[in-house]
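Asker: Model the full structure from these sequences, guided by the hints.
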Amino acid sequence: MVSSITSCHIMRQALGIVLGGGRGTRLWPLTKYRAKPAVPLAGKYRLIDIPISNCLNSGLDRIYVFTQFLSSSLNRHIGRTYQLDPFSRGFVNLQVANLSDDNQNWYQGTADAVRRNLKELAQWRTPYVIILPGDTIFRMNLEDLLRFHIDNQAEVTISLHPASADRATGFGIVTLGEDNRIEHMSEKPSADRLPPLAALPAIRQRWQMSDDRPFLGSMGIYVFNFDLLMDLLRNPAMTDFGSDILPYCVSQGRSYGYVFNGYWEDIGTIRAFFESNLDLVKPNPPFQFYLPDAPIYTRMRFLPASQFERARLTRTKIAEGCIIQDAELDTCLVGLRSRVGRGARLRNTILMGADFFESEGNRREYEPVPEGAPAIGIGENCDVEGAIIDKNARVGAGCKLLNRDRREHFDDPDERYYIRDGIIIVPKHAILPPGTEI
3 MVSSITSCHI MRQALGIVLG GGRGTRLWPL TKYRAKPAVP LAGKYRLIDI
53 PISNCLNSGL DRIYVFTQFL SSSLNRHIGR TYQLDPFSRG FVNLQVANLS
103 DDNQNWYQGT ADAVRRNLKE LAQWRTPYVI ILPGDTIFRM NLEDLLRFHI
153 DNQAEVTISL HPASADRATG FGIVTLGEDN RIEHMSEKPS ADRLPPLAAL
203 PAIRQRWQMS DDRPFLGSMG IYVFNFDLLM DLLRNPAMTD FGSDILPYCV
253 SQGRSYGYVF NGYWEDIGTI RAFFESNLDL VKPNPPFQFY LPDAPIYTRM
303 RFLPASQFER ARLTRTKIAE GCIIQDAELD TCLVGLRSRV GRGARLRNTI
353 LMGADFFESE GNRREYEPVP EGAPAIGIGE NCDVEGAIID KNARVGAGCK
403 LLNRDRREHF DDPDERYYIR DGIIIVPKHA ILPPGTEI
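Heads up, the sequence shown is in our numbering, so the first residue is 3 and it goes up one at a time.
Simulated from the structure, these hints should not be mistaken for laboratory data. Be aware that one or more of the hints could be misleading.
With beta-carbon atoms standing in for the labels, derived distance ranges [as the list claims (entries may be wrong)]:
1. Q254 to P415: 48 to 58 Å
2. P297 to D414: 33 to 43 Å
3. F89 to F304: 21 to 31 Å
4. N263 to G345: 41 to 51 Å
5. R208 to D229: 25 to 35 Å
6. F412 to A124: 41 to 51 Å
7. P287 to E122: 32 to 42 Å
8. S245 to P285: 39 to 49 Å
9. R14 to R301: 20 to 30 Å
10. R14 to R344: 51 to 61 Å
11. R149 to G345: 48 to 58 Å
12. P287 to H11: 28 to 38 Å
13. K402 to D153: 57 to 67 Å
Quantities reported herein were computed from a predicted structural model and do not represent experimental measurements. Where is the CB? At the ideal position from N, CA and C, for every residue including glycine.
Answerer: Here is the structure:
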């Protein structure tokens with residue numbers, strides 16, 4: 003086992019970069035008022051907490067987060083959460099796209115985001131850069147990844163996850179030679195092109211891949227030699243890692259694949275986000291947010307314990323500061339400061355909670371509220387199934403959110419709710435009057 007001193011030394015050779023993504027259209031309307039990395043997760047976390055926690059737990063404590071849209075809540079969360087030891091050189095910095103005399107454009111892609119910040123990154127003179135996505139759930143020891151990169155004298159290393167045939171068409175699929183060098187990369191191949199892309203038997207055995215997941219999909223986690231990355235980014239046509247830089251590197255240089263067999267989930271769509279969250283309420287969830295040696299960090303809060311009054315809960319997780327009154331919840335994830343009224347029934351539902359405790363005295367202090375609007379949370383005698391209720395939403399008494407028409411996609415003309423992938427979404431700050439039926 004490597005000593006902590008050696009471990010610290012190797013991770014000091016790298017910078018961490020988290021790509022916050024663009025407008026987050028696949029997660030809209032959850033991204034209507036916030037950047038994608040700021041979307042709430044698992045009751046009390048945000049998406050950005052996953053990659054940052056993986057970096058910190060691996061000894062990588064110099065981290066940049068790149069984003070450009072609706073970044074205020076993300077900036078607030080990072081500033082309040084990741085105040086690292088002032089006696090160390092560690093930091094977590096949010097880099098928002100800025101327009102200047104030299105550049106009047108927003109980031110044109112993931113690689114362009116890095117190019118626009120090269121001067122900031124170059125000051126650290128680290129030989130390696132580890133790039134991570136801001137919209138996946140995983141727990142990985144990034145030190146193992148960096149050691150693999152160094153030991154193989156790689157120029158680029160792509161972290162790969164075994165995928166089944168039905169999921170492989172949604173990812174960049176990589177084929178490896180017996181020495182783990184990447185031989186070919188195919189972006190989201192069609193089903194008829196998959197068979198020759200399956201991993202070699204020797205690769206499957208070496209990385210302990212199961213027979214039902216024979217393909218290797220890119221996780222969006224890369225290690226680059228910093229000098230190489232700087233050279234590549236001098237070409238303004240290189241704007242995206244997935245479509246420009248990585249295919250070029252595979253064809254030209256020493257590109258290797260590192261296979262990760264642990265839990266990994268891309269939550270870039272509403273359906274994936276919904277299912278990944280509700281997976282967490284299972285008796286043995288596939289992902290644990292707390293492990294003693296590798297916890298997922300988030301903002302420290304000082305909230306009271308949740309309060310229950312004759313509530314009936316089945317496979318449900320509830321964060322701090324909630325009040326559940328004589329209601330029935332089955333397979334639900336309940337976020338901070340949530341309120342559920344008497345007689346309400348919730349099934350397969352995510353409540354993201356509230357940003358503040360509402361009372362008659364402060365009702366208009368935090369946000370404008372029409373006269374007679376319901377209180378924040380779920381009103382009495384509501385019936386809700388297959389829904390995501392975003393923060394500060396107000397669902398009046400007697401509402402029935404059931405998607406009875408089985409719509410897959412719908413936009414309410416009044417913007418009170420949306421349906422994506424068959425899931426009802428009540429957006430942040432929305433108001434559903436009492437008796438609303440969907």
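Asker: Determine for every hint whether it applies to the structure shown.
Answerer: Now for the hints, and whether the structure bears them out:
1. Between Q254 and P415, the C-beta spacing of about 52 Å keeps the proposed range 48 to 58 Å intact.
2. Taking the beta carbon of each, P297 and D414 are about 39 Å apart, inside 33 to 43 Å as hinted.
3. At roughly 25 Å, the beta carbons of F89 and F304 sit within the given window of 21 to 31 Å.
4. The hinted window of 41 to 51 Å between N263 and G345 holds, with their beta carbons roughly 46 Å apart.
5. Roughly 30 Å separates the CB atoms of R208 and D229, a value that falls within the hinted 25 to 35 Å.
6. The beta-carbon spacing between F412 and A124, approximately 48 Å, falls within the hinted interval of 41 to 51 Å.
7. As the Cβ distance of P287 to E122 is approximately 38 Å, the hint placing it in 32 to 42 Å holds.
8. A C-beta distance of roughly 41 Å is found between S245 and P285, which places it inside the suggested range of 39 to 49 Å.
9. Between R14 and R301 the beta carbon distance is about 27 Å. The supplied range of 20 to 30 Å therefore holds.
10. Hint check: R14 to R344, Cβ distance near 56 Å, so the stated range 51 to 61 Å holds.
11. Checked against the hint of 48 to 58 Å, the pair R149 and G345 passes, with Cβ atoms roughly 57 Å apart.
12. Checking the proposed 28 to 38 Å range against P287 and H11 shows it holds: the Cβ atoms sit about 35 Å from each other.
13. At roughly 59 Å, the beta-carbon separation of K402 and D153 lies within the given 57 to 67 Å, and the hint holds.
Violated hints for the displayed structure: none, as all numbered hints are satisfied.
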